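Sequences listed follow chains W and U, in order. Anchor point for the first sequence: position 80 equals 68 in the numbering used here, and the numbering is continuous, going up by one each time. Anchor point for the second sequence: position 189 equals 190 in the numbering used here, and the numbering is continuous, going up by one each time.
Mixed in with the good hints, there may be bad ones.
Stated by the list, open to error - In silico SDA-like cross-links for lysine to any residue, where the CA-CA straight-line distance does not exceed 20 Å: (1) K29/W to R202/U; (2) K200/U to A14/W; (3) K16/W to R202/U; (4) K211/U to L17/W; (5) K16/W to P193/U.
FYI, nobody ran anything at the bench for these hints, they're computed from the structure. Just so we're clear, the structure is a prediction, and the values are computed from it rather than from any experiment.
Single-letter residue listing:
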Amino acid sequence: MTRLTVLLLALLAACALSLVTSQHQARKLFAGLEREQARTKALDVEWGQLQLEARTWALPSRIEKIAHERLGMSAPDPRRVQLLPRDRRPAGEGAR
Amino acid sequence: MKFAESPVLAPPLPSWRARAVLVLVAGALAALGGRAFYLQGLNRDFLQAKGESRYSRVLELPAHRGRILDRNGEALAISTPVKSIWAIPDDVTLARGDLERAAAALDVPRAELRKRLAGADRDFVFLKRQVPPEVADRVASLGIAGVYQSTEYRRYYPGGEATAQLLGFTSVDEKGQEGVELGYEKVLAGHPGTRRVIKDRRGQVVEDLKGSRPAQEGEDLILALDSRIQSIAYGRLRAAVERNRARAGGIVVLDAVTGELLALANLPTYNPNNRNSLSASALRNRAVVDTFEPGSTLKPFSIAAALEAHRVSPRTPIQTAPGTLTIGPATIRDAHPAGELTVAQVLQKSSNVGAAKIALMLRPEYLWSLFEGVGFGHAPELGFPGEANGKVRPYKTWKPIEQATMSYGHGISVSLMQLARAYTIFARDGALLPLSLAKRPAPPAGQPVVAPATARAVRDMLELAVQPGGTGPRAQIMGYRVAGKTGTAHKQENGAYAADKYVSSFVGLAPASNPRLIVAVMIDEPSAGEYYGGSVAAPVFAEVMSGALRLLGVPPDAPMRPIELPSPSAEIRESV
């Protein structure tokens, strides 16, 4: 009788402690989830800002200006452009 | 001694005492049970809510407005968080020098700041909205009590002035106000949600509760626009407007296969990222909301109608001598009397008399139904706010002189977008394409308006019009066959045509063997001497078209020969 009581008492204590632990675990994991979600958001924002920045640097008008003025580039004269038909191999390689 | 043998228990007790105790205890127990049932059974929801309200909080979940992207995924509009600084005036306690420091940090005049903080009748006042995070940090570091910050979103447009009227902009609260931002508000707008949570003593969220509403993020919108072509179109239009000292200008680039809008630019324009000095004129999306009398760019439609009715063939001779045609009290004039011309040459030399004579062979109803068929008088339904319908008067009210002037684009008004769209019938063998602002997965079915043979015949004539001997030789592009038409029209002012104010235009397509693109250019009031569509608008067309064809990798369909331009004296001036 007494042994059974002690056993149940021990079981009860164990259950109680495990409840506390699991609750604590749940809270900790939840806090972790919150942190990660906040990080996702922050990264999202940063991504948007980086996109904006990349876009600003890569504006066609800016690239055109730099190519023209700093690098001295210009579009080739159409007469100097050689077009290769897609379905045939260029001469010299095709004949087999 | 055992308890049961105690002498104290020996005297008998009256039996009612035991019963009284039993009744009392049972009564108390019943009262407790009743109370417990009342609280936990009947009043449970109310009490639970009361309890939760002691520790639960409702958090606002902000929702992004969707991005606007071009067809290649380049961002055209993005929202990014900024801070707004606000205060509760009654709670604000300013130490010495705080006001000065805050004013300096926020870049607001000191008097203005003081006025806002003195507004005793309000318990909430914005000190400054939408400041960059660095400024917000500086204000926060001043540590003024009663001054708070909140996160808001602000829209940025990396394309700046080039895409200003096309994209429009949003209000401070991220509601679309103009352009695509307004037209596609439903798609782009996000809907903020709420979240119910339990917070602990330190203010950290420890648990989610039921009753949360997730935020609905706005959807991204993928436009058909190609930002590289847009950049060329805007740049060249701007250069032409400045060179010709024009009042305004517009350009539209359409994909002739899918009906997608590849570029749309207007001048004057504004910087959507800094809207401090907005003028109503810069805001106008002219190519879509404004109409004008197109002039000779309308002649191909009159001739298409006559071909379709089998009244003429491209080789039918039309007598245009002596260069004037008198109908009632009015006289139609050609700039250069040309004698007898074929129908094809009427278009090539842009003869008003020829076009009028051809149009007068038709019943008014017939010409009218062609104008209706190519979309004049109806908004193109792209999804822009305020698209213009243009004006085509009902054919029953037409007098012969009106029918004659309409044949060369007077007495009828269209928007540049409508004009560009109407030219899809020449690009697509007689079918009118529905336009689209959003990217299309597959080419749509066109609405047949004229027979394929008619459309091809007019396309051939339009090719003649840009060759030496036509009115638009400056629209030629090396390596590609181009088809197009110049237009020069007097502007109407107070109901009469102004003698020295013109609208120059050019609409064309290329490559003529298998059209890929349609470009329409309009320059309003060029005032640097030149005003003919062939010398003002056609060069813009050639620059934009050749750049766009190269970007899209369209194979050339003509030999690479240098462009032949007639000597200035031999250039054909069109009739106005």
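To see whether the hints hold, each was checked on the structure:
Between K29/W and R202/U the alpha-carbon distance is near 24 Å, which puts this suggested pair outside the 20 Å criterion. At roughly 14 Å between alpha-carbon atoms, K200/U and A14/W fall within 20 Å of each other, so this suggested pair holds. The hinted pair formed by K16/W and R202/U meets the criterion: a straight-line CA distance of about 15 Å does not exceed 20 Å. Straight-line distance between C-alpha atoms of K211/U and L17/W comes to about 19 Å, which keeps the hinted pair within the 20 Å bound.
Only pairs whose Cα atoms come within 20 Å are accepted, and K16/W paired with P193/U is rejected, the gap being roughly 28 Å.
Hints 1 and 5, counting from the list given before, are not met by this structure.
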